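Trainee: So the chains spell out like this:
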Amino acid sequence: METVILLVEDEKKLRDMLIAHLQQEGFVVVPAADGMEALHIWQEIKPDLLVLDLMLPRLSGWEVLKIIRQKDNTPVLVLTARAEEVDKLLGLELGADDYMTKPFSPRELSARIKAILRRSRPTVQNTQTVFRNLRIDPERMEVYVGDMLLPLTVTEFKILLLLTDSPGQVFSRLQILERVFGDMYEGYERTIDTHISNLRHKIEAAAISQVSIKTVYGVGYKMTAGE
Amino acid sequence: MAKAGLAKKITTTLITVAIISVLITAIPMLLMTRQQFSNYIGKYDQAMLQQWQPIVAEYYAQNGSNGLQDLLESNPMGGSSMGNGRGMRRGEAGMRSKQGQRLLVTDMKGIVLADSKGVLLGQQAEFDPADVSSAPLLAEYQQIGTLYVISPLGSGLASLENDFITRLTGSTVVLAIFMAMMALILGLLLGKRVSEPLGELSIAIHNVARGKLDQRLDLHGDQEFEQLGHDFNLMAQNLEHAEQNRRRLTADVSHELRTPLTFLRGQLEGMQNGSVPASAENIFYLQDEVIRLSRLVKELDDLALVENHAVKLNFSTFPVTELLDRLAPVSLAMQDKGISFSIAVEKDLQQITADLDRLLQILLNLLSNAMQHVGEESIIKLSVQRQQDFLRFSVMNNGAVIPEENMPYIFERFYRVDDSRNRREGGMGLGLAIAKGYAEAHHGKMWAESNVQATTFFFTIAQ
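Protein chains in written order, with the working numbering: chain A, 2 to 228; chain B, 8 to 470.
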């Protein structure tokens, strides 16, 4: 089943960039450049989810959100440049489902979108990530190698999920750190090494593992197949 | 230990002043009363002397000291008929004792011949001249003795005087207490009047110092306090504005940085995971974005200089043509966009004295602003005119009217008439604020006029 996302963003460059990313993730993306257009398209196609920038010409994102909320519960993920607006957004007043503060990572945007969709229609999705005989269930926070459940910490789980979502792609330590701990920990990249090392031990302990985490010298880590 | 409060000090001072002024008034009064009384007594003594002198002298001259004592004791003179001389021999002993007058007669050697009290007879008389009045007794132009009148303080009029002084002292004390209480009441009232506003002010200052900048005062009472309250409010308001400005700047800056950063981040992530090809074209996009970000940072620097009035101008005198040459790229860009661009410089204007780079920056900012807002059949016109000690530049475009209510804000940083904060043409909303600051650094000003026909930005620079 196709997931249709209405992307409302007035900055063309940003819009194009986000469209490319969301399509890459397998979503069908319908763009809108301002609030009025967004409302029209929303009424016409009834998308599964809205990604809504707040600063919009003609009709602001606030207004769009209000109008939509008067009619139905289409999930809305708000993009905002102002962290101070967040409380109002998520409270009863406007009822956005989630928000992202610019600048954000499109990868994380996709993750949040998937999370919202999981919540809004829990039965439909198979959200497990599988690579070789490694199987990750984000809902239960469980990782299996073959049939064997790995005893991972939350941090190790997050790192493994990030790496396994894009096998073969190299992630820098800072990238991993940001995804796992947030952006407050710049300068502590080396702590990632410890977690990776623990992860490796746990994966290797499952003798039948077909995956491994490779160190890319001077850059970071990646998930690969084999021993 | 806390020092005594202002109100306490005022009260104490007032009480002290009240008591001192009562004393200052009362003490001379007491002294003067005493003086007046002694004057009075002195005068009375003199009158007595004048009455007695001829009688005693005559008697003494005729009869010698014999019977003189009887004469004095009989006191033939009536106090009520002074100056009538002899022949008034009505016994008025009561009056004598009442008035406490004592008469003495001495011979030339100072031996007492007669004493109305009969005490000092035959003794050498020694008097304090202050206590007595005396008159010589004459016979045939020769002094034969001395007549003394003594008014002792302890009796008669003197006791009246003492009585008076006692009462005066009493009422002075009462007055002093009364005045002190008045001073206490007034002092408390005045102290409250002074210390209350000061207390309010002190609390308000304390609050402001702790960062509660919306603190305002409503001081009533004396003019000085109202003025003080007014000035305090002005100060607090300025502080609040500065603080708001600072916060808004931080918020604005982060806002302006967020969108390009999101784009950069998305593109780079795309290249990393292969969804965006790392082609030369895509890399140029990223570079442009970085250049724009760098420009924003530079503009923020300029703005900081302008807002701190710290722009250092590099003045030179250059021909107008040099300025116009440097505007050539703008003319080309206008041609590209099909804008009809004209420049009108006053004929006899040859030289300009200014910071050429800054002046150019002002013009570029105004011209690119005009380019963003030109209307259909776009026209942009730059004119330069001399006005007394100033050069007046104007940049006119035939674009949309700036609504009246937006006019006061157009020179504020990050302000855009269109609230969507769209960065379509790369305008960061800093250009006008910087241009205005540069014009002001040239001792000029900048303003705008807008109507249906055209929107014109004016600025002046001193020459």
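Hints may be right or wrong, so weigh each one.
[Said to hold, decoys possible] For each label pair, taking beta carbons as the anchor points, the in silico distance ranges come out as:
| id | chain 1 | residue 1 | chain 2 | residue 2 | range |
| --- | --- | --- | --- | --- | --- |
| 1 | B | Val304 | A | Met185 | 21 to 31 Å |
| 2 | B | Val304 | A | Gly227 | 42 to 52 Å |
| 3 | B | Asp295 | A | Arg59 | 51 to 61 Å |
| 4 | B | Asn289 | A | Glu140 | 48 to 58 Å |
| 5 | A | Asp17 | B | Leu246 | 37 to 47 Å |
| 6 | A | Gly183 | B | Ala335 | 46 to 56 Å |
| 7 | A | Lys67 | B | Ala351 | 46 to 56 Å |
| 8 | A | Lys67 | B | Val304 | 57 to 67 Å |
| 9 | B | Asp364 | A | Asp17 | 31 to 41 Å |
| 10 | B | Leu246 | A | Thr154 | 30 to 40 Å |
| 11 | B | Gly228 | A | Arg59 | 36 to 46 Å |
[Claimed, not checked] Non-contacting residues of chain A with respect to chain B, defined by C-beta distances greater than 10 Å in every case (computed):
| id | residue |
| --- | --- |
| 12 | Gln25 |
| 13 | Pro107 |
| 14 | Val171 |
Treat the hints as calculated values from the structure; they're not laboratory data. Since we're looking at a predicted model, the values are computed, not measured. Glycine residues also receive a C-beta, built at the ideal position from the N, C-alpha and C atoms.
Trainee: Determine for every hint whether it applies to the structure shown.
Mentor: Hint-by-hint comparison with the structure:
1. The supplied range of 21 to 31 Å is met by Val304/B and Met185/A, whose beta-carbon atoms lie about 23 Å from each other.
2. For the pair Val304/B and Gly227/A, the beta carbons lie near 47 Å from each other, so the given range of 42 to 52 Å is met.
3. The hint said 51 to 61 Å for the Cβ distance between Asp295/B and Arg59/A, and at roughly 27 Å that hint is violated.
4. Take Asn289/B and Glu140/A: their Cβ atoms lie about 36 Å apart, and the range 48 to 58 Å is violated.
5. Under the hint 37 to 47 Å, the C-beta atoms of Asp17/A and Leu246/B, about 45 Å apart, fit the expected range.
6. Between Gly183/A and Ala335/B the beta carbon distance is about 51 Å. The supplied range of 46 to 56 Å therefore holds.
7. Between Lys67/A and Ala351/B the CB atoms are about 51 Å apart, so this pair conforms to the stated range of 46 to 56 Å.
8. For Lys67/A and Val304/B, the Cβ-Cβ distance of about 36 Å falls outside the hinted range of 57 to 67 Å, so the restraint is violated.
9. Distance hint check for Asp364/B and Asp17/A: the Cβ-Cβ separation is about 37 Å, which falls inside the suggested range of 31 to 41 Å.
10. For Leu246/B and Thr154/A, the hinted distance range of 30 to 40 Å is not satisfied, since their beta carbons lie about 50 Å from each other.
11. Our hint of 36 to 46 Å for Gly228/B and Arg59/A is violated, since their Cβ atoms are close to 55 Å apart.
12. With a least beta-carbon separation of about 4 Å from chain B, Gln25/A fails to lie farther than 10 Å from that chain, contradicting its non-interface assignment.
13. Listed as a non-interface residue, Pro107/A fails to keep its Cβ farther than 10 Å from every Cβ of chain B; the least gap is roughly 4 Å.
14. With a least CB separation of 8 Å from chain B, Val171/A falls inside the 10 Å interface cut-off, contrary to its annotation.
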